[in-house]
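Protein chains: 2
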Amino acid sequence: MIEPLLLNLGARDVISPDEEQALRAAIVRQRKFATEEDLVVEGERPNSSTLILSGFAARYRVLEDGKRQITALHVAGDFVDLHAFPLKTMDHSVVALSTCQVAYADHADIRALTETRPHLTRLLWLSTVIDGAIHREWIVAMGRRSKKAHLAHLICELYMRLSVVRLVTDQSFYFPLSQAVVADALGLSVVHVNKTLQKLRSDNVVTWTDRTITVLNWEKLTEIAQFDPTYLHLSMEPR
Amino acid sequence: MIEPLLLNLGARDVISPDEEQALRAAIVRQRKFATEEDLVVEGERPNSSTLILSGFAARYRVLEDGKRQITALHVAGDFVDLHAFPLKTMDHSVVALSTCQVAYADHADIRALTETRPHLTRLLWLSTVIDGAIHREWIVAMGRRSKKAHLAHLICELYMRLSVVRLVTDQSFYFPLSQAVVADALGLSVVHVNKTLQKLRSDNVVTWTDRTITVLNWEKLTEIAQFDPTYLHLSMEPR
DNA sequence: CGCAGTGTTGAAGCATATCAACTTGGGTGG
DNA sequence: CCACCCAAGTTGATATGCTTCAACACTGCG
Numbered sequence: 712m713i714e715p716l717l718l719n720l721g722a723r724d725v726i727s728p729d730e731e732q733a734l735r736a737a738i739v740r741q742r743k744f745a746t747e748e749d750l751v752v753e754g755e756r757p758n759s760s761t762l763i764l765s766g767f768a769a770r771y772r773v774l775e776d777g778k779r780q781i782t783a784l785h786v787a788g789d790f791v792d793l794h795a796f797p798l799k800t801m802d803h804s805v806v807a808l809s810t811c812q813v814a815y816a817d818h819a820d821i822r823a824l825t826e827t828r829p830h831l832t833r834l835l836w837l838s839t840v841i842d843g844a845i846h847r848e849w850i851v852a853m854g855r856r857s858k859k860a861h862l863a864h865l866i867c868e869l870y871m872r873l874s875v876v877r878l879v880t881d882q883s884f885y886f887p888l889s890q891a892v893v894a895d896a897l898g899l900s901v902v903h904v905n906k907t908l909q910k911l912r913s914d915n916v917v918t919w920t921d922r923t924i925t926v927l928n929w930e931k932l933t934e935i936a937q938f939d940p941t942y943l944h945l946s947m948e949p950r
Numbered sequence: 712m713i714e715p716l717l718l719n720l721g722a723r724d725v726i727s728p729d730e731e732q733a734l735r736a737a738i739v740r741q742r743k744f745a746t747e748e749d750l751v752v753e754g755e756r757p758n759s760s761t762l763i764l765s766g767f768a769a770r771y772r773v774l775e776d777g778k779r780q781i782t783a784l785h786v787a788g789d790f791v792d793l794h795a796f797p798l799k800t801m802d803h804s805v806v807a808l809s810t811c812q813v814a815y816a817d818h819a820d821i822r823a824l825t826e827t828r829p830h831l832t833r834l835l836w837l838s839t840v841i842d843g844a845i846h847r848e849w850i851v852a853m854g855r856r857s858k859k860a861h862l863a864h865l866i867c868e869l870y871m872r873l874s875v876v877r878l879v880t881d882q883s884f885y886f887p888l889s890q891a892v893v894a895d896a897l898g899l900s901v902v903h904v905n906k907t908l909q910k911l912r913s914d915n916v917v918t919w920t921d922r923t924i925t926v927l928n929w930e931k932l933t934e935i936a937q938f939d940p941t942y943l944h945l946s947m948e949p950r
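Quick note, the sequences are listed as chains A and B, same order. With my numbering applied, the first sequence covers 712 to 950. With my numbering applied, the second sequence covers 712 to 950.
Derived by calculation from the structure, the hints in this document are not laboratory data. Please note that a few of the clues may not be correct.
A pair holds if it fits inside one copy or across any two, identical chains being indistinguishable in the list.
The list that follows gives simulated cross-link-like pairs (lysine-lysine, DSS-like), each with its CA atoms no further than 27 Å apart [stated by the list, open to error]: (1) K778 x K910; (2) K931 x K778; (3) K910 x K931; (4) K858 x K906; (5) K858 x K931; (6) K858 x K778; (7) K906 x K778; (8) K799 x K778; (9) K859 x K778; (10) K910 x K859; (11) K906 x K931.
Since the model is a prediction, treat every value here as computed from it, not as a measurement.
Please build the complete structure, drawing on both the sequences and the hints.
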């Protein structure tokens with residue numbers, strides 16, 4: 712059940728059978744969420760952290776005028792609120808963007824891991840810090856890339872992250888989000904997402920139909936996006 | 712010498728004398744950087760992390776077309792690259808925006824802390840995770856706030872963060888960055904930063920002259936910015 | 001005194017938002 | 001089984017905010 716997490720962490724460092732055991736023991740209480748349902752709400756003080764087993768979720772904030780900005784997209788194998796373990800209070804909400812199967816790690820148990828398992832602790836730390844690296848890349852994309860490059864970049868990122876958890880087959884992945892959701896992630900209007908998407912389509916680099924994105928030309932797509940996967944830190948290292 | 716760091720962490724949790732001692736022991740090798748000098752360069756694999764003792768620094772990335780985006784601003788008491796401890800490789804550079812006094816914590820020593828001092832480890836983890844919270848707030852500001860609100864928000868954030876390390880006096884703080892640097896942080900053109908700034912000035916909420924920003928009307932400024940300091944997690948909690 | 005960096009201003013053009021209408025397809029109730 | 005409905009996607013027209021370019025002002029410094 713926690714295989715996606717093992718794939719995720721296991722892509723960055725070796726996890727001993729012993730550590731795997733400790734992780735399995737820490738992750739409990741499965742639960743299902745429907746699309747649009749909030750997994751966690753801003754202001755809450757959760758005493759457990761949420762691991763996505765399947766489906767898509769987003770962290771977001773809504774401003775006074777009702778505008779929503781998504782600050783992160785999450786897929787199977789991601790902890791959506793591990794940072795709440797040191798932070799204590801949620802400064803944003805997390806919503807399911809599809810039906811989502813999740814499981815929980817109690818903060819008491821995570822705390823116990825920090826007392827007894829330094830290496831595992833560093834890997835959990837790593838996972839929050841990769842979230843940070845992705846945030847930075849989004850800032851760069853929002854501030855200085857063309858909108859076409861930004862959208863292309865997002866697709867590249869999802870492609871790589873979903874590959875890690877074996878959710879890409881034949882250059883395709885399931886992607887049930889609406890253009891409105893993508894607009895909230897990119898900080899654009901829906902209309903403009905639509906028009907930008909058409910540019911990528913007419914370049915023959917991607918298709919997006921039937922809730923499925925297919926990369927037709929990875930090389931050209933990464934070139935449009937100026938995509939450099941370094942920030943995902945997908946390399947095995949002793950950490 | 713590491714007082715700013717103690718103020719920074721000490722604003723979030725109690726640090727025992729013992730732990731303070733351990734921190735002091737881990738932070739070594741002071742060094743000075745001149746304005747525009749890089750503290751760390753993208754691609755490097757540093758074996759120590761950099762703590763700012765005084766001055767301003769920025770994390771940034773430069774795209775192929777030469778455009779620069781700043782992803783974070785750092786002040787005294789901030790670790791600019793603690794995340795490189797779990798990450799190993801730098802995915803961006805860090806530049807001094809003023810003369811900067813820094814000191815280093817060797818990764819070997821940080822690693823030792825993770826093996827022997829779980830609470831201190833959680834506090835270091837916390838500090839990287841607050842960086843992440845700030846990143847998210849920047850994403851929200853870039854995507855969904857007006858440019859005037861974005862600039863106001865940045866000023867609010869700096870005001871609060873500098874207050875923590877006692878760098879605000881009489882509602883004023885030293886701020887030696889050019890409008891071009893602020894433009895790279897906001898993802899705007901210099902011209903537009905200038906014009907946006909004038910709006911804030913004509914609202915009589917801030918002045919910015921002689922490398923000094925003064926907040927004339929905090930309440931109105933936070934209202935323009937829709938500033939909510941929750942994301943800075945400035946509360947004492949057992950972590 | 002002159003020069004370079006920074007800030008300021010105005011004009012013109014482009015990119016993105018907003019508004020409004022229309023299309024498409026899947027799901028549902030009569 | 002069909003009619004309708006609703007959500008999502010698409011399209012075009014208009015409005016606006018931001019960029020770019022170019023010129024000029026100010027200041028500190030060699």
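Exercise. Compare the structure with the hints numbered earlier in the document and write down the numbers of the violated ones, lowest to highest.
Key: Nothing - there is no hint that the structure violates, so all of them hold.
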